[in-house]
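Chemist: One-letter residues, chain by chain:
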Amino acid sequence: MRADTARFRARARAIDRWMAGLITGGGAAVLIATFLLVLFLVIESVPVLRSPRASSEGVVPQGVPLAAAEDEYRERVTVVGAEGSLHLVGRDGEVEVIPLEGVQPPVHQALFSADGRFLVAVDGVGRLHAFSWRQRVIWEGERRVLQPRLRAIAATAAGDGKHLLAVVGEGSSAKVLVGTEDGASVVHLSEKSTSATNLAVAGPAVAGALTASGEQAWVATANGLQWFQRLDPEVSLLEPTASVPLSFRPTTAAVLLGDVTLVLGGESGEVEAWQALPAAGAGWRLDQAAQFHGSGRVIAVTPSQREKSFLVQRITAAEILHLTSRRTLLALPGYPADAVVARLSPRLDGAFAVTAKGAVHRWSLQLHHPEASLATLFLPVRYEGYERAHVVWQSSGGSAGFEPKLSLLPLIVGTLKGALYALLFSAPLALAGALYVNQFAPRGLREVVKPVIELMAAVPSVVVGFLAALFLAPLVREHLLISAGVLLAAPSVAAVAVVWSLAPARWQRRLSGARELVVVLGMLVVAGTVLIVLEPHLHQAWFGGDVVHWLYQRLGVTYDQRNAMVVGFALGFAVIPIIFTIAEDALSNVPPSLVAASLALGATPWEAARTVVIPAASPGLFAAVMLGLGRAVGETMIVLMATGNTPLMSLSPFNGMRTMAATIAVELPEAPYGGTLYRVLILTALLLFCFTFAINMVAAAVAERLRKRFGRLAA
Amino acid sequence: MTTAPAALRTRSLLAGFGSTAVLQAIDLTIPERQITAFIGPSGCGKSTLLRCFNRMNDHLAGFFRNGEVLVHGRDAYDPSFPLEELRSQVGMVFQKPNPFPQSIARNVSFGPRMAGVRDPAVLAELVEASLRRAQLWDEVKDRLHASAFELSGGQQQRLCIARALASGPQILLLDEPASALDPIATAKLEETILELSREVTIVLVTHNLQQAARVAHRTAFLYLGKLIEEGETAAMFAAPRERLTEEYLTGRFG
Ligand SMILES: Nc1ncnc2c1ncn2[C@@H]1O[C@H](COP(=O)(O)OP(=O)(O)OP(=O)(O)O)[C@@H](O)[C@H]1O
Ligand SMILES: [Mg+2]
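Chains as they are written, first to last, in the numbering used here: chain C, 2 to 716; chain W, -7 to 246.
Okay, chain C solo, but in the shape it has when bound (with noise of 0.2 Å):
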């Protein structure tokens, strides 16, 4: 017996030994697990704002340079030598020389066009001429080799005192943009034909530039800026557009890669960006959309082909700026004084420079995310073709110029709205509906609302979601007045209330437990048929037929059919059973002793749930709605399908928004693995978890302290 007794208690040992262990494992496991989780989340969001980087790469001697362009591998540095040749320079110095075809020497001027693609040069005896310039890879075997091709498309008469300003190409024909002495001309260069048109321009053009398509240029006299675009499809002439006085005299001028900003260098170091916008009433104006800091002579400005940063090419230096971001990314170390060319490689990935000499300088890029600074990521930035600075989120669009505009402000307001709209709706109906089932509805009733708001938690958030945005939206839309009568209920109900409070208590017993449930419903549902009978009779004598309407042209408010009200409604449905159910819980477990303590002092139901229960249970209350919001913020599924998902910074409740958690879900899978966007979104994801973390956070603390304040409840 004894026996028995001490080995029932060494099992038991046992297993409690076992069973602690079992859960703090368990414990320690979550938390590791949360940990790497954020580790993770670190490690890939945090270098989207690592710092680029430049390491010189060498330098190989070659003869005197007039332009130059590199390969998209990085293989041979192209140089246009004054003796009328291209000299490709490979990276271990070897050399191999290509004649210009019909050029005389010696070559006075020479221009890569900025993609790389077209060279124009001007002779010994002014001729101009335009080649096309293409490397095609061939494999051979595991080896890869680039096969020169140099084609000259035309050559015609420059005369004399022209100089290049620009040159664009496409198939086998070429814009080229020329400075004369009394303004500039635009030559137009085929195999079939060759033509010059003049651009009127006041004064000798001193810098400019073409968009890929030759459909707009930029031009630059000493003392002013003047844009030109083909207003006429059947006429290939340039007509001035718009035009602007500038402040320095300019040197150089490029067109960033989607065809929208134009960037001036000027004569004491300055660099600035220039726009056409349309002007109030009608035309064009010119805008200056930035303005870089720096010193130094500007000689040359290349465009990258990848995105929204530039070379800037100075007297002593070269500097990759960036347009976003509004930053100088950096300068290229080890820079040559001497250097007469310099230029980006075509992926981005290297510069180089040629010196007088025809030393060719390399540089290895790393840009890194360029375009996802804090200050772009958080403060409103001026994007191309806006006016001022705004905050955006719109990550990707249809073309290679495509500016990303990835402002995480629109992301974390919606999310925030989102949230702050399904509080609003649900907390309090959650709330009073805890307190009223847990201290006043009739026993039976509690048994049966209890599971059924419990339920409520087991539909999906997809179901929930689709419903709101395929069913509830439109009918919200459809019927405003009837949508504005339901959110009014609660707060008419409790009005009703107090009213009710003040009459006679003789009246009031009469209508205790289940049949003042019952009249309340009966209230519900009359004051429901009475507004749906309504309805049609208010929308045309009060709104003129249609409500929205009337909301845009009486109040200027748009209305968005996929709107925070309706999220407000879609998501307070996941939120209300979590809400409920910790409130509830929490309501229980006041004491009852205390209730009854306040009850026998004269208090009724009401001021003993007011006095008493609410106090006691305020931090479970207060824990519950901060759960409910830390789940709105986190809820992907509903908020994506009822949201519209448009990155609004409104708070209007006609109006959509775009929420954290539904980009990630939207974006993540079709974001390319390391690049910005993947990166942003990471970070996106980092912040929410952050949020979610605060969230309970303070809730913990908040709670602590209340319960410090209410003390120990008496068990």
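Just so you know, the hints here were simulated from the structure itself, not pulled from any lab data.
Glycine is no exception: its CB is placed at the ideal position from the N, C-alpha and C atoms.
One or more hints might be untrue.
Said to hold, decoys possible - Output of the computed footprint for chain C on chain W, the stretches with three or more beta carbons under 8 Å from beta carbons of chain C:
no., segment
1, 46 to 57
2, 208 to 215
Stated by the list, open to error - To give an idea of the interface, some chain W residues facing chain C are shown, with a C-beta separation under 10 Å as derived from the structure:
no., residue
3, 71
4, 87
5, 88
6, 94
7, 97
8, 103
9, 105
10, 107
11, 152
12, 156
13, 158
14, 159
15, 165
Here the structure of chain C is known, so what remains is to put chain W with the ligands in place on it, guided by the hints.
Modeler: Relative to chain C, chain W with the ligands alone:
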């Protein structure tokens, strides 16, 4: 039998929960300004009967009642007799101390505040007077704003008495108030009760026969929902009229 006027009175009172009758045909008169003890084995209906006097049973599921309960001659169940008024006349203290998670002062002033008293000076006066009557004043006068949970069990129970007294009841119902207390705290509580009985009618449910003998002027013995015997404590303990009473008093059951 008794010269004092009746504070509480039941006439063929029948009460129960659901389909079970717990009290059957109780006819009982409780005189003013005396201590009346209810004794009887567990489950015999002492608490149920006590709760009939301030209608606390009304909040329990399935409660039903038949017959009259008179409080100072007025029908407690008359719909025109507001519950709040009844309860400010008939105070109650429970088996376990149940102070609110608030300060000592706020605990005591709860009843008056519910009755609409707002003036802080009046409330402070009421708090002091009630605490004095419950013989707690000297122990807590320096920490009126400390949490009630800082008090000992016996002090908490006297706080509950003070809290009940603050509403100014003429009748105080005590349901085994000393069952959670140690002998010293019990003695102190009994002293308080005896002192109070000079101005307030007290009904005391107790399992402790010595306690009934010590403090109660009168005693009522209940058994299986019936009132078996009622009378002056000394007389009843010395010579019970009923055999059941005698068996209970001599400890043969219960
Ligand atoms: N809320 C209730 N619902 C249903 N039955 C109840 C309820 N309260 C008490 N009863 C029943 O009524 C009977 C009397 O209970 P009561 O609490 O009055 O006994 P008591 O004499 O006070 O017992 P004790 O000395 O143990 O406190 C018991 O059988 C009990 O089961
Ligand atoms: Mg009892």
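Chemist: Each of the hints needs a verdict: does it hold here or not?
Modeler: Going through the hints against the structure:
1. With a threshold of 8 Å between beta carbons, the proposed coverage of the segment 46 to 57 of chain W by chain C holds, since 4 of its residues qualify and at least three are required.
2. As drawn, the segment 208 to 215 of chain W meets chain C at 0 residues by the rule of a beta-carbon pair under 8 Å; below three, the given contact is violated.
3. The interface hint given for residue 71 of chain W holds, since its Cβ lies 6 Å from the closest Cβ of chain C, which is under the 10 Å cut-off.
4. At about 9 Å, the closest approach between the beta carbon of residue 87 of chain W and any beta carbon in chain C falls short of 10 Å, and the interface hint on this residue holds.
5. For residue 88 of chain W, the interface hint holds, since its Cβ comes within 10 Å of a Cβ in chain C; the closest pair sits about 6 Å apart.
6. Among the interface hints, the one on residue 94 of chain W holds; its C-beta lies about 8 Å from the nearest C-beta in chain C, closer than the 10 Å criterion.
7. Checking residue 97 of chain W against chain C: minimum C-beta separation of about 14 Å lies over 10 Å; hint violated.
8. Among the interface hints, the one on residue 103 of chain W holds; its C-beta lies about 4 Å from the nearest C-beta in chain C, closer than the 10 Å criterion.
9. At its closest, the beta carbon of residue 105 of chain W sits 8 Å from a beta carbon of chain C; the interface hint therefore holds under the 10 Å criterion.
10. Hint status for residue 107 of chain W relative to chain C: holds, with the closest Cβ pair at about 6 Å, below 10 Å.
11. The closest approach between the C-beta of residue 152 of chain W and any C-beta of chain C is roughly 7 Å, which is under the 10 Å cut-off, so the hint is satisfied.
12. Checking residue 156 of chain W against chain C by beta carbon gives a least distance of about 7 Å; that is within 10 Å, so the hint holds.
13. The beta carbon of residue 158 of chain W comes within 8 Å of a beta carbon in chain C, closer than 10 Å, and the hint placing it at the interface holds.
14. Hint status for residue 159 of chain W: holds, given a least beta-carbon distance of 6 Å to chain C, under 10 Å.
15. The beta carbon of residue 165 of chain W comes within 8 Å of a beta carbon in chain C, closer than 10 Å, and the hint placing it at the interface holds.
When held up to the earlier numbered hints, the structure conflicts with 2 and 7 and fits the remainder.
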